[in-house]
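Chemist: Each chain, letter by letter, is given below.
There are 2 protein chains.
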Amino acid sequence: MSILKEDTPRRVLLVHAHPEPQSFTSSMFHAARDVLLQAGDEVRTTDLYAMNFNPVASASDFLARDNPDYLVYAKEQRSARDNGVLATDIDEEVDKVLWADLVILNFPIFWFSAPAILKGWIDRVFLSGPFYGGMRFYDRGGLKGKRAWVTATLGGRPHMFGKDAVHGDIDAMLAHLLRGTLGYVGFDVLEPFFGYHIPYLDDAARAAIFDAFRHDVANWRTRPTLSFPSLDDFDEHLHPRTASGAAPC
Amino acid sequence: MSILKEDTPRRVLLVHAHPEPQSFTSSMFHAARDVLLQAGDEVRTTDLYAMNFNPVASASDFLARDNPDYLVYAKEQRSARDNGVLATDIDEEVDKVLWADLVILNFPIFWFSAPAILKGWIDRVFLSGPFYGGMRFYDRGGLKGKRAWVTATLGGRPHMFGKDAVHGDIDAMLAHLLRGTLGYVGFDVLEPFFGYHIPYLDDAARAAIFDAFRHDVANWRTRPTLSFPSLDDFDEHLHPRTASGAAPC
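So the protein sequences, as listed, match chains P and B.
Under full-length UniProt numbering, residues 1 to 249 are what the first sequence spells out, in order.
Under full-length UniProt numbering, residues 1 to 249 are what the second sequence spells out, in order.
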């Protein structure tokens, strides 16, 4: 990845999922919008709870189907947008993602993952075809050139995560999202922002995390990204290329 | 874990999530029920799509709240069931999980995780309090003594998973579910069953996987389980105990 020029306005999609509008996580959503707008970025938002977004992938996501008798969801996704048969709520979200230079997912961690309403936004919006398909994933994914950033809160404390910690590395617990979802479709994935132990902190500790978050949002252009596999290291059947295999240890 | 006596009837909850009732994954659900009943097990089912299950955790999950002005979902969960204020659809699912000796989650992998309708079943049903809390997790979790089993289908091929493979180890991608969810609440987690490449296989290849699945269901009592941390290796603040720390390497 290259560091973005500091003063270039960018398009940012803020996706937010929290059931309590007054929550710390919801305040992060509003603060991120303010900081980005002040920096001159364009911002669009998807506030999933406020929208009452339907997270359940189903046959009704397609107004017409290639195979009306038997649903293979990913197969129907491939041509649905081009054919104008994708459900409107999905189509609008796809527009936003394709418009954005940066997509921020802001949520409280539920079960080491996203709340279901956000998982379902991914299930329904990350279309086979436009977003990925065949050999178009990881560094050849359909969203190559865009960035994604997970900004999340959780109940756990920092010392519960890490190599020898009780839950292991938090990025490893979130591999399905960071690598298997955002990395898979081609995003450069910024290092996540985690607000630890939020429900149990006093106001001063929360304020310090909130300030750190605003600072990090203001500096998203220069935030480091995570490393994922390159398809250059695999052959056309996705077997590892011998020459670039992992070193023995 | 101890191997269960082969001939003891057990209570099994089958949780299923697939949008196509004719799908291979849905056939697995029905076959699992048949095989278990033939073996003398008691079976209850949760067919999430058929039930039109609501996967979105929200304020309306509590008929009354400890704090009506500000929702902290996990905090409200703690006493809601005992106080009789938990939404009926959640309460019924909690009953089933607490009844079961084995809980099977049967689903197609969407984004290296469960479909949102199943993620939301976890978000809403795995109650703080009865299922976990404080130092009650992993091998001290509230569901200690029960088993859980992920039986899933996916589009990928086996060689795409493993140490040097393009997606890494599949159990690592599913760590949030296997360890961070099922292991967290105390289940002994059976080695998952994966049906690879299902949407692209011919009938003969599918039939072979189906036979293997029926065989594995018939033999669930002796299926090996995954290993997770023991809280015995951590102190009362969840710092690793020095004496049992990981060996340097």
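I should point out that these hints are in silico values taken from the structure, not numbers from a laboratory.
The reader is advised that the hints may include incorrect statements.
[As the list claims (entries may be wrong)] Covered stretches of chain B, as calculated for chain P (at least 3 residues, CB under 8 Å):
1. 95-103
2. 222-229
[Unchecked claim] Label-pair distances were calculated between CB atoms; the ranges are:
3. B:Glu92 / P:Asp34: 39 to 45 Å
4. P:Pro158 / B:Pro68: 28 to 34 Å
5. P:Gly155 / B:Thr88: 23 to 29 Å
6. B:His215 / P:Ala212: 39 to 45 Å
7. P:Asp203 / B:His215: 54 to 60 Å
8. B:Pro21 / P:Ser79: 22 to 28 Å
Backbone N, C-alpha and C define an ideal beta-carbon position, used for all residues, glycine too.
Chemist: Look at each hint and say if it fits the structure.
Modeler: Hints and how they fare:
With a cut-off of 8 Å between beta carbons, the segment 95-103 of chain B has 0 residues touching chain P; three or more are needed, and the interface restraint is violated. A stretch counts as covered by a chain when three or more of its residues have a beta carbon under 8 Å from one of that chain; for the segment 222-229 of chain B and chain P the count is 1, and the coverage is violated. Distance hint for Glu92 (chain B) and Asp34 (chain P): a CB-CB separation of about 43 Å, consistent with the stated range 39 to 45 Å. Checking the proposed 28 to 34 Å range against Pro158 (chain P) and Pro68 (chain B) shows it holds: the Cβ atoms sit about 32 Å from each other.
For the pair Gly155 (chain P) and Thr88 (chain B), the beta carbons lie near 27 Å from each other, so the given range of 23 to 29 Å is met. Taking 39 to 45 Å as the suggested C-beta distance range, the pair His215 (chain B) and Ala212 (chain P) does not conform, at roughly 53 Å. A hinted range of 54 to 60 Å for the beta carbons of Asp203 (chain P) and His215 (chain B) is consistent with their spacing of about 58 Å. The hinted window of 22 to 28 Å between Pro21 (chain B) and Ser79 (chain P) holds, with their beta carbons roughly 23 Å apart.
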